[in-house]
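**Student:** Based on the hints, put chain H with the ligands in the right spot on chain P.
So the chains spell out like this:
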Amino acid sequence: MTLDSKIPEGKLEDKWRNYQVKSQLINPANKKKLNIIIVGSGLSGAGAASTLAELGYDVKCFCYQDSARRAHSVAAQGGINAAKNYQHDGDSVYRMFYDTLKGGDFRSREANTYRLAELSAPLIDHFVQQGVPFAREYGGTLVNRSFGGVQVQRTFYARGQTGQQLLLAAYSQLYKMVRAKKVEMFPRSEMLDLVVIDGKAKGIIVRDLVTGKLKRFAADAVVLATGGYSRVFRLSTLAIGCNGSALWKAHKKGALFGAPSFTQIHPTALPQSSEAQSKLTLMSESLRNDGRIWVPKQKGDSRKANDIPEEERDYYLERRYPSFGNLAPRDIASRAAKERIDAGFGVGRLKNAVYLDFRHAIEKFGLETIKDRYGNLFTMYKKITGIDAYKEPMQISPAAHFSMGGLWVDYELMTTIPGLYAVGECNFSDHGANRLGANSLLQASVDGYFILPNTINNYLASEIKTDHPTTDHLEFEKAEKETKAHIERILAINGTKTVDHFHRKLGKVMWQECAMSRNKSGLEKAITQIKTIRDQFWSDVKVTGHDKEMNTELEKALRLADFIELGILMCTDALEREESCGAHFREEYQTEDGEAVRVDKDYSYVSAWEYDNGDFKLHKETLEFEFVKPSVRSYK
Amino acid sequence: MRVTFKIWRQEGPDDKGVIRAYEVDGLSEDMSFLEALDHLNELLVLKNEKVVAFEYDCREGICGQCGVFINGRAHGPHDNITTCQLHMRSFNDGDTIIVEPWRAASFPVIKDLVVDRSSLDRIIEHGAFISAKTGTAPEANAIPIPKDVSDRAMDAAACIGCGACVATCKNSSAALFTSAKINHLNTLPQGKAEEHKRVAEMTFQMEIEGFGSCTFTGACEVECPEGISIINIAEMNARVVKSKLLR
Ligand SMILES: Cc1cc2nc3c(=O)[nH]c(=O)nc-3n(C[C@H](O)[C@H](O)[C@H](O)COP(=O)(O)OP(=O)(O)OC[C@H]3O[C@@H](n4cnc5c(N)ncnc54)[C@H](O)[C@@H]3O)c2cc1C
Ligand code: FES
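Read top to bottom, the protein sequences are chains P and H. Numbering that gives the first Met the number 0 applies: residue 0 is where the first sequence begins, and numbers increase by one. Numbering that gives the first Met the number 0 applies: residue 0 is where the second sequence begins, and numbers increase by one.
In isolation and in its complexed conformation, chain P is listed as follows (with noise of 0.2 Å):
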């Protein structure tokens, strides 16, 4: 198979517009006659509904959450990026490109990035327009921040709801064409399988997770939306019900999986309590501009942190990285931390964090400064963990967090199934190995209501000419089957093990081995223990209850199978990427002194995996440089 990435001719700043002008249309009377399904109604999902809703195409719009405002977007809280220059600090497209390119170690395409940070500016305008109220000085104009991996101010928020606050707006412009009769609204209703005909997405299988019902949808093209799959390492910043089952389906039938193993672990989480822990609440990296972090210096110290003296302590950040410090970037940091952890300075009651100290903020800027600019974030963690942290250090540790693998995806965000198409986190595309932050809530927006729309017409155009799928095709017949089979087998096994009880047990065998630092030996054994964990979950799970009725154990034992099989595809990528990049890191691979080394004479490529009867055939996208050289980041 070839992957034809259908990259625009010319300059870099021409290309999207180039391929605009080119693009195929349809009229608004043949638009009506066409049908696209959207599963996801996050900031991509609920973008592209509405906005191809408005264009006059009939959408069904599909989420597993009782309400598509609950999507995981909801979660992002500290902001979007987008290069307006309002700050007057240098910043244009062309640097938020650069730093974006960069932030992701040179292993996403230029032309791809380049449209991202070209479309961040319209998309302010998008978002203020359909009334979200984003910070504003006092004169009334917006207000922006920084974030990390770069030097200029580009961040818009919406104080700690930015997410919330997108998400909103896009549901709303989402009910405004439910009311308008455009857009049909599927909530509580999981995506199980992808219909595929001659060769083309032609429908999805959908489970009512109110009755239990298999249910068949046909359309002209099909969209996933479905977000992050990091629940993969069960703890992670994502909400419980995030999968990556519609992927992993759509994977099955033919899409392939671009840089499954491309994983970003957040260095500000709190940690893990107990056993019983289902999710790790991510503390936002802004604290990192005020906060110090250490462990003490001598391995296993008691002592509370309090008592512990200056002299005694260890800011290893500040020791290893004297330019950037605290504010390392988001790789760095959460590997650093790991580093400590592993080698026995951990600390907290199960020693697997690292301290997060305001002390010299405090005395610095004052309480009531703190306050202001972290009341929110203290009070959250007051709430989780009971302490108070004016008082005494955070404890924090690294968590999975985010998904820059996904289904390999062209220029067009189409997959290699010609129909389908991935939009937001779920495709592999703009972040390359590493993600910069507040750059992915931009991703999901300018996917769905900019990109989207204006590529999914040059498929559909033809389209019009070929019969509209009916669901009582064969292939309908023949996936819907397959899909109650599947549910029937869970079901008899009737075993003695909870689906938690593994999930638990992939965890730890993911977070273990394919998690912040990664070797060949342990890739290959946590190989081998998933398919235990595989073997041993279809012979002895339990799950109670019937398919017929709500069951929530059943959805989790679905979306675990999946999981199950996606794990042993990310250690596949992971192990086959023998050098380390952005959050890739093969230990193999380091300088003396710890750092990554890439290996661009042999791995620039993004790696798009075919599913091969349970076996994965790798395929390269190789990755020409065309207008930045790739160069080393150092943060030293």
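Hint data in this document are derived by calculation from the structure and do not stem from the laboratory. Backbone N, C-alpha and C fix where the C-beta goes; we use that ideal spot for every residue, glycine too. A couple of the hints might just be wrong.
Claimed, not checked - Now the stretches of chain P that chain H is said to cover, found in silico as 3 or more residues with beta-carbon under 8 Å: (1) 13-19; (2) 103-112.
Stated by the list, open to error - Which stretches of chain H does chain P cover? Using the computed rule of at least three CB atoms under 8 Å from a CB of chain P, they are: (3) 37-51; (4) 187-196.
**Tutor:** Positioned in the frame of chain P, the structure of chain H with the ligands alone reads:
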């Protein structure tokens, strides 16, 4: 830690529900309340029983999907938090904890602790938007919006749509929810063009959905995880009068 959960069990919308008691041991104070329910569910599976259906997604207080009555209070014993933010350290060893679904005619029970809140979506559908199409936006800084105006809009916009305000209200009124949305959009210049239509349609839909009238008890703002103030309701009422006069 050991507690007795007394939980509302109801097979489906048409069944009569009952309260069942479950003794659960081996909990720790650091566990969240929902993790304690997870733990109970694992025990139920191993005993070959059906799990308790309850709702959640983000488990960090922002998606609004969780929400149950705990010992007679929406979202449990503390003010202004979500159920997922509640931890077992708020209870004592040996406590009995009564867990029930949201109770409101407009939120029918689907199963156990799960209710149908789609009535809130339908209120949004009736005007809680700005009818501008993607691609038509002017430059973002073209209309300056003073900080205090923007802050007021943000205060109202913070609603996460959990429905605790309805559930805790003796009239099952959705006035806090509806007013927060109206005030978010009507405070901003972008929302002005449709302000009167929005007020009329959203409040009308609120009645159609069967939510009760607000008698201003203030119970809702105590349970609202975002601390949205009932001043919003007063402001909405004024807007309703105005919209009737001006439309
Ligand atoms: C805690 C946290 C903080 C973050 N902070 C920031 C930040 O400050 N700035 C930033 O830029 N980014 C941030 N991110 C990342 C960003 O929020 C996400 O990448 C982005 O919102 C993803 O949007 P999406 O539309 O792709 O997916 P989501 O918003 O996750 O939506 C996924 C949708 O798919 C549906 N779905 C999933 N599977 C199925 C299925 N099988 N069947 C049917 N429906 C399905 C869900 O119901 C949901 O509607 C953060 C992420 C997290 C977790
Ligand atoms: S689970 Fe999202 S608010 Fe509680």
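**Student:** With reference to the structure, classify each hint as holding or not holding.
**Tutor:** Here's how the hints hold up against the structure:
Under the rule that three or more residues need a Cβ within less than 8 Å of chain H, the assignment of the stretch 13-19 of chain P is violated, with 0 such residues. Beta-carbon proximity to chain H at under 8 Å applies to 0 residues in the stretch 103-112 of chain P; the threshold of 3 is not reached and the given coverage is violated. Coverage of the stretch 37-51 of chain H by chain P holds [criterion: at least 3 residues with CB-CB distance below 8 Å; count 11]. Counting residues of the stretch 187-196 of chain H whose beta-carbon sits less than 8 Å from any beta-carbon of chain P gives 3, enough to reach three: the coverage restraint holds.
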